[in-house]
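Enquirer: Chains as they are written, first to last, in the numbering used here: chain Y, 1 to 115; chain A, 1001 to 1114.
For the record, the hints were derived by calculation from the structure and aren't laboratory data.
Be careful, since some hints might not be right.
Claimed, not checked - Straight-line distance between alpha carbons at most 30 Å, and here's what the computed BS3-like set of lysine-lysine pairs gives:
id: 1; chain 1: A; residue 1: Lys1042; chain 2: Y; residue 2: Lys13
id: 2; chain 1: Y; residue 1: Lys57; chain 2: A; residue 2: Lys1015
id: 3; chain 1: A; residue 1: Lys1057; chain 2: Y; residue 2: Lys13
id: 4; chain 1: A; residue 1: Lys1015; chain 2: A; residue 2: Lys1042
id: 5; chain 1: A; residue 1: Lys1057; chain 2: A; residue 2: Lys1071
id: 6; chain 1: A; residue 1: Lys1042; chain 2: Y; residue 2: Lys57
id: 7; chain 1: Y; residue 1: Lys13; chain 2: A; residue 2: Lys1015
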Amino acid sequence: KAGVTQTPRYLIKTRGQQVTLSCSPISGHRSVSWYQQTPGQGLQFLFEYFSETQRNKGNFPGRFSGRQFSNSRSEMNVSTLELGDSALYLCASSPDPGTAGNTIYFGEGSWLTVV
Amino acid sequence: QQQVKQSPQSLIVQKGGISIINCAYENTAFDYFPWYQQFPGKGPALLIAIRPDVSEKKEGRFTISFNKSAKQFSLHIMDSQPGDSATYFCAASVRTGGSYIPTFGRGTSLIVHP
């Protein structure tokens, strides 16, 4: 089974621009979640989608948004980029998010640098 | 407010030694405590996890110790190997909106010297 796939892997954007990151979950997984990883703040939860509906949202400004498609693929968008948005953005999928023992599978991430 | 506090930030151990990483949490509603391992250039991967109704869980060289009254849990890596060199994250989760969403500690960078 293919793992969680994220594209692009690396990108550089200019402050004020917007960016869209894509994620293809493991086949059969209906839950997709996004995390921001930075050296200073660690892993922070952005949002989670299940069957095209946003079920949970982290404490990030409205510039961060996402969506999930009917095939479970997901995108996240960051508008009006700021220097502080430079980070590794991780997508994760899981088969049964409502169960405590559910395993979350992470992709390798998209490295975003804002200059 | 940091809901899961992890220490130390970095750890250097000799091959064959014991690596110990500690975490503490505040929210007593947390009821699932996974540990993740992350190698450079890779996403985190689930290593081992525990529910609060047990005090210890062992899988190979990796053991989680859990102290519910103290709201603390720790990861012990026995006979540490250079291949264990990675960043380790503890996490705590509770079911919210139908899903278990982990809250992560800040991570511990482990280096095991050969």
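Enquirer: Sort out whether Lys13/Y lies within 30 Å of Lys1057/A, counting only the CA atoms.
Expert: violated (45 Å)
Enquirer: Taking 30 Å as the top limit, are the C-alpha atoms of Lys1042/A and Lys13/Y close enough?
Expert: With a Cα-Cα distance of about 22 Å, the restraint between Lys1042/A and Lys13/Y holds, given a limit of 30 Å.
Enquirer: Checking one constraint from the list: CA of Lys1057/A to CA of Lys1071/A, max 30 Å. Satisfied?
Expert: holds (16 Å)
Enquirer: Mind checking the alpha carbons of Lys1042/A and Lys57/Y for me, to see if they're no more than 30 Å apart?
Expert: holds (24 Å)
Enquirer: So if I understand the rule, the pair passes when the alpha-carbon distance is 30 Å or less; does Lys13/Y with Lys1015/A pass?
Expert: The given pair, whose Cα atoms are some 42 Å apart, is violated under the 30 Å limit.
Enquirer: Hinted pair, alpha-carbon criterion (30 Å max): Lys1015/A, Lys1042/A. Please report holds or violated.
Expert: Within the cut-off at roughly 23 Å; holds.
Enquirer: Would the pair Lys57/Y and Lys1015/A pass a check requiring their Cα atoms to be no farther apart than 30 Å?
Expert: violated (41 Å)
Violated hints, in rising order: 2, 3 and 7; the structure is consistent with all others.
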